[in-house]
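Visitor: Throw the hints in and build the complete structure from the sequences for me.
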Amino acid sequence: MTITHEGPSHTAIGDGFRRLPVEEFRLTSEPYYLPIRNEVVLFEHAYRENIPVLLKGPTGSGKTRFVEYMSWRLHDRTPEGSVEEGVPLITVACHEDLTASDLVGRYLIEGSETRWIDGPITRAVRVGAICYLDEIVEARKDTTVLIHPLTDYRRLLPVEKRGELLAAADGFLLVLSYNPGYQSALKDLKHSTRQRFIAIEFDYPSRDQETEIVRVEAGCSDAIAAELAKLGEKVRNLKEHGLAEGVSTRLLVYAGKLIARGISPRSACQTAVVWALTDDVEIQRSIEEVVSSIFPE
Amino acid sequence: MSNAADIVAQHEPELRKFGQTLPEDLQVAATALEGRLSADDLERWAEAGVRLARRSLRSWEAAAEYFRAAPSVAERLSASELLDWGESAAALADRSSLVASAYLRATPGVLRSLPPAQVEPWARLGDRLCRGSWKSIALATSFYQESPELLESLTLHQLGRLVDIIEALAERSYEMATRCFETAAPVLAPLSPADREPFIEFAWVLTRASWADTRIYFERAPALLAPIDPPERAGLLELAAQVTASVGRSGFPLFAAAADALRSIGRGEHPRLLGFAHRLAQTSPMAAMEYLKSAPVVHERLTAEQMARWSDAGLEILVDQGNVEGAEAFFRLESARAERLLTQLSARVELTAVSPILRLYAKALTAQTVAVHPVEDLAEKGIGWVAGQATTEGTAIYLPSAVSTFPEQRDNVQVYKVFATHQTGRIEFGSFGYRHGAPGAHTPLPGLPAAVPDPGPAVEERPAEERTGPLTEMQRLYDGFPDRSLISALFTVVEDTRVDACTAREYVGIRRWLRRVQEQAVAERPDARSMPLRSAYVEALLRASLGRPDGIEWPLRHRGVLRQGLAALRVAEQPGATVQDSASVAAALYRLAASLPNERLGGDGQWVAPDEETLAVAPAMPGGETADGAPQPSADAEAFESPPQPEFRGDFKPELVQLLMRLREGAGEGDGDGRGTPLTAEQLQELLENSTEILISEMAEGDLASTVSLFLTNLERETSLPSGGEGAPVRERAGDDAGEEEEPPEDQPTVPEVEYFQYDEWDFRAGDYRPRWCTVGQRPYEEGEIDFYEQTLVRYHGLVAETRRQFELMRPEAFRKIKRLEDGEEIDLDQATEFFVDKRAGAAPLARFYYRRNKVERDVAVSFLLDMSASTDEEIDKQRKKYDEDDDFDGDPAKYFQWLAQRRSLRAADPPKRIVDLEKESAVLLVEALEAIGDAYGIYGFSGYGRENVEFYVVKDLDEPFGDRVRRRIAKIEPVRSTRMGPAIRHATHKLILHEAKVRILVLVSDGRPQDHGYGRDRTEKDYAVHDTKQALIEARRAGVTPFLITVDKDGHDYLKQMCDDIGYEVVADIEQLPRRLTTLYRVLAGD
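Protein chains in written order, with this note's numbering: chain Z, 1 to 297; chain U, 298 to 1385.
Because the hints were derived from the structure by calculation, they are not lab data.
Mixed in with the good hints, there may be bad ones.
Here are the in silico distance ranges between beta carbons for each label pair [stated by the list, open to error]:
(1) Y107(Z) - R1102(U): 38 to 44 Å
(2) I198(Z) - R1102(U): 44 to 50 Å
(3) P180(Z) - G1139(U): 54 to 60 Å
(4) G1139(U) - I198(Z): 57 to 63 Å
(5) D279(Z) - H575(U): 47 to 53 Å
(6) V281(Z) - L1118(U): 38 to 44 Å
(7) A93(Z) - E613(U): 54 to 60 Å
(8) A199(Z) - P941(U): 54 to 60 Å
SDA-like cross-link-like pairs, simulated, lysine to any residue; straight-line CA separation at most 25 Å [claimed, not checked]:
(9) K1116(U) - G111(Z)
(10) K239(Z) - A1294(U)
(11) K190(Z) - E1293(U)
(12) K190(Z) - E160(Z)
(13) K190(Z) - D1156(U)
(14) K1295(U) - A244(Z)
(15) K1295(U) - E135(Z)
(16) K1295(U) - V281(Z)
(17) K1136(U) - W116(Z)
(18) K1114(U) - R115(Z)
(19) K1295(U) - R140(Z)
(20) K1295(U) - T278(Z)
(21) K1116(U) - S112(Z)
(22) K1116(U) - R140(Z)
(23) K161(Z) - R1117(U)
(24) K239(Z) - T649(U)
(25) K230(Z) - Q665(U)
(26) K141(Z) - D118(Z)
(27) K230(Z) - R802(U)
(28) K239(Z) - V805(U)
Remember, predicted model here, so these are calculated numbers, not experimental data.
Just so you know, even glycine gets a beta-carbon here, dropped at the ideal spot from N, CA and C.
Guide: So this is what it looks like as structure tokens:
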């Protein structure tokens, strides 16, 4: 990951095109989020107490949406915060090649000079943003260690190459997410990392809640949303029986959107659920049968 | 004095000496012939008779026959022919007077069928059979005796053919020849004239091909032919003859099988089938027979038109592709192509085809693991289910093994789905969750005595606690009603109604198919008019519950009861209704039904369809007093009998299911509240006596006590096994199911769990797979002593250390620097300097001065497949020992004995090494090395006998951690039986594929070529086995597994070359090198 500054670093707004430095990204309107349990309150208190948060849960169960929602909701925490704009949110999608310099920053050679570029985590520390490391277990283990000093009372980020120590600005919070579903011995969180966070467990919402989420997000009818939520529940019963993960709320929302656009429910579910979920023909057929039981032709 | 009298007088004295009656016989005959023959001829005729009598001691008997038969014979024969007749009799009498007598006696009868000119040839036929021995004489005699009857149905030519057969048989066994001959007449006579020739022709071919079958043919053929369409019989016989001529010995069994097969198909189909068989027979008579044999199976699944398409495909293989073996396998249904086509064409859906899908479907709907089994499995359990009806017992659903309701396959799948949805609906919507006394959503407390005004006299006066106590909640409900079968039938209807209503509400998509299946079920309902009134009432409710209340027929007089009943039934259809509501409704319906006299009204009943008002009735529970009349005692009327259940709903046995559930709970944990307490025999006995769901009489013969104990045993077995089949390819489980995660304690001897897998086998002749041909039984291997492992480590400590070291070298460096990148984590100083130097020098520099550390992960899974066939028992150093034995003892016995004693003690201390020992040692070395490197590895052994019995031993599974168990298993590796490599390779491949890894390797270690019973045409043929093995290796490679073969067979090169093609193999020439070679090879294979 390289970030280069070209031209002015202010927000440029064109036709549906917006370029801005990562640390300036804020949510400008309230994202839809339906609290399932007490996670909102928990997060708020954690934020105020500078306790880093670990979000666990299967894919598509709303972890990312929750962080966005919280960043918007916590707008009053920053001096310039307003109802229009939340706390800055920097999201890093972790992958197996993510290195420490990708996060902290690196020197670039420019002309005959070298120039230092801050990485996303450094930027978050400077501006006091919520730094969200998505799918943290995907990152290399040596990478995850560098966040340790940031997560305890010290709230420091050592930048070795520059010989600096950055103290996190007010409002900085580290949030990790990971999916325990496909964890293997290789991809597990180290305990030294794990025990620096409070954890909020995410699971699929109940059928009624999911109906509500699908209805609002997809803009489909209540009846369709209810049937989709029912489908979700049934398909999730197949977890561990051929399916590594149940169908995510996100996929159900996609299906709902397609249906709302006039696609027939069966084909919407075929593309958004059956084919999306698995390549195993037998399981596909089983899910198809569930779909065809729920939705008439 | 007439000529006749002269002649008699002339010969009387002489004849009288031979036999007292001869002169009289002569006189009668001579008198009769006098008018027909000239005096000379008469004289000559008589002379011939006398000469006959003179010939030998008993020839006078022949003469007597001669005289007696003559008058009637003379009616057909001319004078000269008559005299010739006498001559041939005389010739026969030379061989045996008995034969001559039989000949003479039979002639009049024969002449009814034969023209005079053929008498002579006929006589010669019998003559052929006479060989001088008494047995041959008996045979010839019986030939003449049977001739009149035989010739009524046969031409002389055909009779001649028959004699050919008899003659050929007589060379083997006179007994059999005689037996066949005796059965010939009764067998041939009923045949139509057109069939006789082919019948005899087939017998002739058969006699030459397999003489012993001729008798069976004569005995069985009439029965075999009888069901065949008469005009087609000749065709079948001709075909059989043609086949037998080409296949020999198996001709008759094939014919019998084909005829048997045709019997099970209607005669109307025979011309078509045989017509096609004849077409096939032109190229391959065998294929024709196989076609006929398979016809019933195919016919059952396909329509005539579909079958024609199917058989044309086979014909194409035979004629266009010229692949005779392939076509034969096709028609034998031993080819994947045949089966695939059959499935494609057929509208019938087999449970095996949909059960994996239905299993997941049921799992999705119920959130429980639900096994799917064919209904046939139920009866075997002996726990009360007898009929082949769809049902569920709470953890598994039982469905018919095939559905062919509709002409489209697609639709039949939907039918299965409706079946499965209804059965899982019982689980999903809580049909078995009835709790006595709990209120429903729409009704007050169900089943309580309040709902039953008068339970009838003297039945259940005692409070429930006083008795042994009901075992289940359902039992408590049923106990509240005098007529258990009535309440059970009503509860079934109501609960099924509720489940269908829930299904239709919850699963809108299946509604249409539910309706179609319900319609189908309605169409098959029996006529209510012939039923007793209460049964008719249940029937009426059933039709309403199937969505067709308009189809009800009900006596006008009792309309009120029906209306109330329908209203009550609708309560169960309301959203939110629970099983408690069903029980209340059933109780209310019981009261209504009990008010009806259970008598047959028949035609007097004024049976009408319900009126508009009744059809539109709103859901309501019947009020207290509105019933048409007081409850009628059922004692004097007929006992209630439930109308049959619709097929898709099948059996509903809540009482039994609750019992099973209770037993399962009890088996799971001995909980404190007494629910887990064991059943007493009394409780069970009472349940059995009372229950309408368990019909003891149908379960077993014998007294109640033994039935109870049998039932209890079966129940225990049932509940100790959580059912739930997990599915790999086609996989069954035997032994204990691995439902519980925990392993059995080690000290407790456990029956090894065998999992069965089925694999196709490659038939290179047919160029196609034989579907599901081999059954591989996978089982954990037995454990031996741990010493072996340790000893091997000690013995080879040098080698062990060396291999470990080599393998450790293979361990990838955790992070390897990748340089010269345009983008990366760090700047490489050297590159950066170079860059600036280039830039200053004015050269166009390459901006590649970054490096990054790349993590290389080793991701290898390897399976070692060890040949454990009997041949691995062979000693390795046999050859080498030979040289030793050539030691020069200088003819000194002392030296020799010394040497012998030395050798013996050596052998005792260190027994000669066998191939299998080397395999074991290699395994030890490999384990040590692989543990060092950390690759996933499995060690398996294989052996077996025959295709149904391929044994696959797990020494160490791929994901099994290494430990003492594995060490002990390695020690136990021993030669077992044969080598059927194909299925073992397929199974090992299958296991590897399930294991996630980037590199998958399969190493097969064998001592020789594949060989097994039935692995090829005979034991010496190796082509089949080699081809199948090759195919299995190719499959493995296609699946992304790298196969490698190692053999210690020195003659291995020739067939290995054939088997491996471009697949890696190695013949380890010096066998002791095997451990070392294996480890080196592994490095090459798995290295990057």
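Visitor: Are the hints correct? Go through all of them and say.
Guide: Do the hints match the structure? See the list:
1. Y107(Z) - R1102(U): 38 to 44 Å: For Y107(Z) and R1102(U) the Cβ distance comes to about 42 Å; the hint holds.
2. I198(Z) - R1102(U): 44 to 50 Å: holds (47 Å)
3. P180(Z) - G1139(U): 54 to 60 Å: holds (58 Å)
4. G1139(U) - I198(Z): 57 to 63 Å: At roughly 60 Å between Cβ atoms, I198(Z) and G1139(U) fall inside 57 to 63 Å, so the hint holds.
5. D279(Z) - H575(U): 47 to 53 Å: Once the Cβ atoms are compared, 49 Å apart, the range 47 to 53 Å for H575(U) and D279(Z) holds.
6. V281(Z) - L1118(U): 38 to 44 Å: Holds: the Cβ-Cβ distance is about 41 Å, inside 38 to 44 Å.
7. A93(Z) - E613(U): 54 to 60 Å: About 57 Å separates the Cβ atoms of A93(Z) and E613(U), which means 54 to 60 Å holds.
8. A199(Z) - P941(U): 54 to 60 Å: holds (58 Å)
9. K1116(U) - G111(Z): holds (21 Å)
10. K239(Z) - A1294(U): holds (22 Å)
11. K190(Z) - E1293(U): holds (23 Å)
12. K190(Z) - E160(Z): holds (23 Å)
13. K190(Z) - D1156(U): holds (21 Å)
14. K1295(U) - A244(Z): holds (19 Å)
15. K1295(U) - E135(Z): Within the cut-off at roughly 23 Å; holds.
16. K1295(U) - V281(Z): Status holds; Cα separation ~22 Å.
17. K1136(U) - W116(Z): holds (21 Å)
18. K1114(U) - R115(Z): Measuring from Cα to Cα gives roughly 23 Å; hence the hint holds.
19. K1295(U) - R140(Z): This hinted pair holds, its Cα atoms lying about 20 Å apart.
20. K1295(U) - T278(Z): At roughly 20 Å apart (the allowed maximum being 25 Å), T278(Z) and K1295(U) satisfy the hint.
21. K1116(U) - S112(Z): Distance of about 21 Å is within 25 Å: holds.
22. K1116(U) - R140(Z): holds (19 Å)
23. K161(Z) - R1117(U): holds (21 Å)
24. K239(Z) - T649(U): holds (23 Å)
25. K230(Z) - Q665(U): holds (16 Å)
26. K141(Z) - D118(Z): Within the cut-off at roughly 21 Å; holds.
27. K230(Z) - R802(U): Satisfied, since the Cα-Cα distance of roughly 12 Å is no more than 25 Å.
28. K239(Z) - V805(U): holds (24 Å)
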